[in-house]
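Listed below are the residues making up each chain.
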Amino acid sequence: MEKYIFYILSFIIIAFAVASVSSRKMLRSVIYLLFVLCGIAGIYFLIDYNFLAAIQLTVYAGGIIVLIIFSVLLVHHIEMELEMAKVSRKILTALVCSLGLGVFLYTIYNNEFVVVENQITTSTADIGGKLLSYDAGGFILPFEVVSVLLLAAMIGAIIIAKGRKLNDKNEEAL
Amino acid sequence: MIAGISIYEILTVTSILFFIGIYGFITRKNLISVLISIELILNASVINFVVINKYLYPDMLQGVIFSIFIIAVAAAETALAVSIIINLYRQISSVEVKDTEIMKY
Chain A
1 MEKYIFYILS FIIIAFAVAS VSSRKMLRSV IYLLFVLCGI AGIYFLIDYN FLAAIQLTVY
61 AGGIIVLIIF SVLLVHHIEM ELEMAKVSRK ILTALVCSLG LGVFLYTIYN NEFVVVENQI
121 TTSTADIGGK LLSYDAGGFI LPFEVVSVLL LAAMIGAIII AKGRKLNDKN EEAL
Chain B
1 MIAGISIYEI LTVTSILFFI GIYGFITRKN LISVLISIEL ILNASVINFV VINKYLYPDM
61 LQGVIFSIFI IAVAAAETAL AVSIIINLYR QISSVEVKDT EIMKY
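Chain order of the listed sequences is A and B.
Start counting the first sequence at 1; every next residue gets the next number (the working numbering).
Start counting the second sequence at 1; every next residue gets the next number (the working numbering).
There's no promise every hint is true.
[Unchecked claim] Here are the simulated lysine-lysine pairs, DSSO-like style, with alpha carbons at most 27 Å apart:
1) A:K25 to A:K90
2) B:K98 to A:K25
3) A:K86 to A:K25
4) A:K162 to B:K29
5) A:K25 to B:K29
6) B:K29 to A:K90
7) A:K162 to B:K98
8) B:K98 to B:K29
9) A:K3 to B:K29
10) A:K90 to B:K98
11) A:K86 to B:K29
Calculated directly from the structure, the hints in this document are not laboratory data.
Please model the complete structure; the sequences and the hints are all you need to start from.
Put into structure tokens, the structure is as follows:
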């Protein structure tokens with residue numbers, strides 16, 4: 001049963017990923033990306049990492065997609081079709097990508113993975129305990145650094161998006 | 001782990017996803033499309049972290065925690081990129097890659 005669900009999910013992921021990089025309508029391409037992200041969340045549910053799937057759905061599908069849709073609506077004319085690369089360049093890129101994929105798959109299938117058969121379920125409390133632990137192998141320092149990074153990114157985004165025109169107007173008013 | 005699915009099949013899917021992202025990154029001419037391709041690449045790597053953690057080291061949590069950090073950094077990166085794109089659109093009224101040729105402003 002899970003086998004077929006996995007095959008369906010991977011088909012959805014790959015089909016919508018191809019549609020997302022080849023669609024000529026901007027907004028459609030973003031919505032295809034949303035389907036890809038939901039499929040990936042489905043894979044996380046399948047391998048029993050429920051917390052990660054919830055994060056994927058809230059941060060990616062809820063946050064990042066909405067942000068990208070906002071930017072598309074702000075800077076793009078909906079009816080306009082995207083300019084595409086030349087056909088020769090597309091074919092060349094596809095060839096190089098398939099070559100790289102071949103190298104990847106060759107390496108993966110020649111490597112002997114030592115798979116541990118298990119049915120361990122990870123609870124959210126385990127992840128939280130690991131994130132906040134001071135012991136060896138704990139992740140308290142990167143956790144704090146990421147919180148500072150998010151704050152810096154937030155302030156930077158506000159300052160950059162505010163722009164220069166607003167400042168000039170303020171100075172004139174003064 | 002998923003019953004009946006080996007690690008090879010999942011790694012195949014993520015490799016394909018990664019190279020679809022690379023293809024989009026090279027062929028697209030629009031800044032927002034390039035951003036979408038970067039999201040695809042990041043997601044492929046996150047699935048790899050999670051799957052290798054689950055299949056090879058099931059009693060550890062490092063892969064899960066690293067993928068949480070990757071998702072956080074991706075969110076910060078997208079927010080900054082979107083603000084840069086909006087500012088760029090104000091300055092030069094375009095979001096095409098070929099029109100962005102000055103670094104100042």
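Cross-check of the supplied hints:
no.	hint	result
1	A:K25 to A:K90	holds (18 Å)
2	B:K98 to A:K25	holds (19 Å)
3	A:K86 to A:K25	holds (17 Å)
4	A:K162 to B:K29	holds (25 Å)
5	A:K25 to B:K29	holds (13 Å)
6	B:K29 to A:K90	holds (12 Å)
7	A:K162 to B:K98	holds (24 Å)
8	B:K98 to B:K29	holds (8 Å)
9	A:K3 to B:K29	violated (38 Å)
10	A:K90 to B:K98	holds (17 Å)
11	A:K86 to B:K29	holds (11 Å)
Hint 9 alone, counting from the list given before, is not met by this structure.
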